[in-house]
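Student: One-letter residues, chain by chain:
There are 2 protein chains.
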Amino acid sequence: MTLVNDTGFTTDTRPINPLISGDKVDGTAVYNGAGERLGDVHDVMIDKVSGRVVYAIMSFGGFLGIGEKYHPLPWNALKYDVELGGYVVNLTREQLEGGPVYDELDEPLWGDRDYEKRVHDYYGLPPYWMV
Amino acid sequence: MTLVNDTGFTTDTRPINPLISGDKVDGTAVYNGAGERLGDVHDVMIDKVSGRVVYAIMSFGGFLGIGEKYHPLPWNALKYDVELGGYVVNLTREQLEGGPVYDELDEPLWGDRDYEKRVHDYYGLPPYWMV
Numbered sequence: 001m002t003l004v005n006d007t008g009f010t011t012d013t014r015p016i017n018p019l020i021s022g023d024k025v026d027g028t029a030v031y032n033g034a035g036e037r038l039g040d041v042h043d044v045m046i047d048k049v050s051g052r053v054v055y056a057i058m059s060f061g062g063f064l065g066i067g068e069k070y071h072p073l074p075w076n077a078l079k080y081d082v083e084l085g086g087y088v089v090n091l092t093r094e095q096l097e098g099g100p101v102y103d104e105l106d107e108p109l110w111g112d113r114d115y116e117k118r119v120h121d122y123y124g125l126p127p128y129w130m131v
Numbered sequence: 001m002t003l004v005n006d007t008g009f010t011t012d013t014r015p016i017n018p019l020i021s022g023d024k025v026d027g028t029a030v031y032n033g034a035g036e037r038l039g040d041v042h043d044v045m046i047d048k049v050s051g052r053v054v055y056a057i058m059s060f061g062g063f064l065g066i067g068e069k070y071h072p073l074p075w076n077a078l079k080y081d082v083e084l085g086g087y088v089v090n091l092t093r094e095q096l097e098g099g100p101v102y103d104e105l106d107e108p109l110w111g112d113r114d115y116e117k118r119v120h121d122y123y124g125l126p127p128y129w130m131v
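If you're matching them up, the sequences are chains P and E in order. Going by UniProt numbering, the first residue of the first sequence is number 1, and it counts up by one from there. Going by UniProt numbering, the first residue of the second sequence is number 1, and it counts up by one from there.
Note that these hints are calculated values from the structure, not bench results.
Pairs count within a copy or across copies, as identical chains cannot be separated in the list.
With a cut-off of at most 27 Å between alpha-carbon atoms, the simulated DSSO-like pairs for lysine-lysine come out as follows:
{"hint": "1", "residue 1": "K117", "residue 2": "K69"}
{"hint": "2", "residue 1": "K69", "residue 2": "K24"}
{"hint": "3", "residue 1": "K79", "residue 2": "K69"}
{"hint": "4", "residue 1": "K24", "residue 2": "K79"}
With these hints in hand, go ahead and build the complete structure from the sequences.
Tutor: Here it is, written out as structure tokens:
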């Protein structure tokens, strides 16, 4: 018998639902280190060749998507927390708000390594194509 | 100046658009080794913790999604081909049709390792959690 705790996860470190579809990743919660919800994952960017998720696109604010701002976070900035059932970032809201951001009218040119390097530099992480 | 050939890719081995969003992966073509289109990627299954795509869910047949069958393929069975702008699998249509399949009414219980092991066994690949 597998014990399930209040958060809906087994008592081991593996989520009950370890997989999520690309269609449904939207809405996964993102927390800060204090367990406060900062926002949600809006989408992910996948490297077509390697099949690695390289960015979580985080959103906060907006209403039904109107006026929503999208914050690309290098995947390595996120850590999945089984207890919380979401991702934890070691960042403040102010750090996120001051970081690279776009809205649906000015989506970045993904693959532009100057842009992508700036995103990684902001979060102090090496670009995914360097590691 | 970057030369772009007829297939819309640069002449190096990197796709012009190396990233794809989880929302938009649906529709990427899947070919056999002879370059014949077998079907399309319908969705991907992502490991929440590692951020690795572990399955491509392939579809073929059906009309506007009605009667469509979904074939989970271990990610390592696919290789991205820059020239084709899609994935190549070293499989015949008959092998795909004889493999694990579901429709929208009986989606597998992802994370059930007995089921997932059977999928990998069918394609002769070690389960992603073993590699």
